[in-house]
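A.B. asks: Sequence:
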Amino acid sequence: MRDISIDNNIGTYSIANIKESNQVKGRLYYIDFLKCIGLTCIIIAHVESPSWLMMLRNFDVPLMVILSAILAHKSYLKNSKSKTCVIDYFKSRIKRLVIPTWSFLVFYFAFKLIVIGNIESGKKILASFLLTRYGIRYVWIILIYIYSAMLIPVIDKYKLSIKGIVVAITSYIIYEISYHYGFGLNGGVLEYFLNTTFYYIVPYGLITYLGYNYSNMNNIAKKGILVTAFIAFIIFATYYRVSTGSFQLVQIAKYPPRLYYLSYGIACSFALLLICERKSRKVYENRMVTFISKNSMGIYLWHILVLTILEKSKLSIAWFIKLIVVYSGSIFIVVIVNHLGDFLESRYHISYIKYLRG
1 MRDISIDNNI
11 GTYSIANIKE
21 SNQVKGRLYY
31 IDFLKCIGLT
41 CIIIAHVESP
51 SWLMMLRNFD
61 VPLMVILSAI
71 LAHKSYLKNS
81 KSKTCVIDYF
91 KSRIKRLVIP
101 TWSFLVFYFA
111 FKLIVIGNIE
121 SGKKILASFL
131 LTRYGIRYVW
141 IILIYIYSAM
151 LIPVIDKYKL
161 SIKGIVVAIT
171 SYIIYEISYH
181 YGFGLNGGVL
191 EYFLNTTFYY
201 IVPYGLITYL
211 GYNYSNMNNI
221 AKKGILVTAF
231 IAFIIFATYY
241 RVSTGSFQLV
251 QIAKYPPRLY
261 YLSYGIACSF
271 ALLLICERKS
281 RKVYENRMVT
291 FISKNSMGIY
301 LWHILVLTIL
311 EKSKLSIAWF
321 IKLIVVYSGS
331 IFIVVIVNHL
341 GDFLESRYHI
351 SYIKYLRG
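Quick note on numbering: the sequence shown equals residues 1 to 358 in the numbering used here.
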């Protein structure tokens, strides 16, 4: 189903014939630009950057989820009338996320065993393939995008209605209560479900809800959300400053996401969107930016391997040098994988190869 094909990007859906905010049909170049910012901020977090930069970049995951939902809105509306298309939408989305991730994990664990000489425990390997935070670092974000895709039909049903807003707020209140009080749980399947699913699907579902409805909001609503989120962030920052005696990074409220982290992420994301969507397409139309955006999934996955190699080498290098090495190394691997994929697909006609590009 061509209309619902999904780009091999982190949390992004491909869309045909979309109007940009400046009424130019084609790619949403400002979205490409913002995806590059989000991806760069995520990688910055993994290269031992300074604490001040760690604070500033903490809007990365919320931004990427919002961008994903903005594009999903355009894509889903075209296919929501047909049940078959909705099913194909889910199949395509899962394939675009799971196949490249699992393929990478197979290579990653084989590389660690054969080249580096160590192997993770069976429990950690299983958790990695399940995409939970109990596995290797960083792949948990893929599960967030799966949750986001699962919620799209529900969000589309309610949209920006009063009922939809009430459901979103009520769900979040239940989430906060369950997180702080835990319902008296102490281990077991239910607690595992809460820690791996409920505590992430609800807060990131709220982010998805905002992103999915972003294009239906007027500027007053967008600015209202921005100001509200910023005020909430200031309140929480002040509270933590007074209660602990020092300024606390929003990172302390990231696992799972709570209001301190979410308010900062929403405020920064909406600020960037409001600024960037007003600019001319020419400001963002750049081949490297487009390449990184289209291949964001691959760059993200392969940066895990490059980081592992650097850590194993125990090289003492500045964080910004490490950032350049990790970024450029990941892009280099993606280029090789893409060319190899093109060759294998054209020669052997292996259908799933297309999911490995980018």
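I should point out that these hints are in silico values taken from the structure, not numbers from a laboratory.
Every value quoted in this text rests on a predicted model; they were computed, and no experiment measured them.
Keep in mind that a hint or two might mislead.
[Stated by the list, open to error] Label pairs and their computed distance ranges (CB to CB):
1. 130 to 335: 43 to 49 Å
2. 137 to 160: 34 to 40 Å
3. 111 to 173: 43 to 49 Å
Idealized CB from N, CA, C, for every residue including glycine.
A.B. asks: Each hint needs a verdict: does it hold in this structure or not?
C.D. replies: Going down the list of hints, with the structure as the test:
Against the hinted window of 43 to 49 Å, the Cβ-Cβ separation of residue 130 and residue 335 comes to about 30 Å, which falls outside the hint. In this structure the supplied range 34 to 40 Å holds for residue 137 paired with residue 160, their Cβ-Cβ distance being about 36 Å. Taking the beta carbon of each, residue 111 and residue 173 are about 45 Å apart, inside 43 to 49 Å as hinted.
The structure fails to meet hint 1 from the earlier list, while all remaining hints are met.
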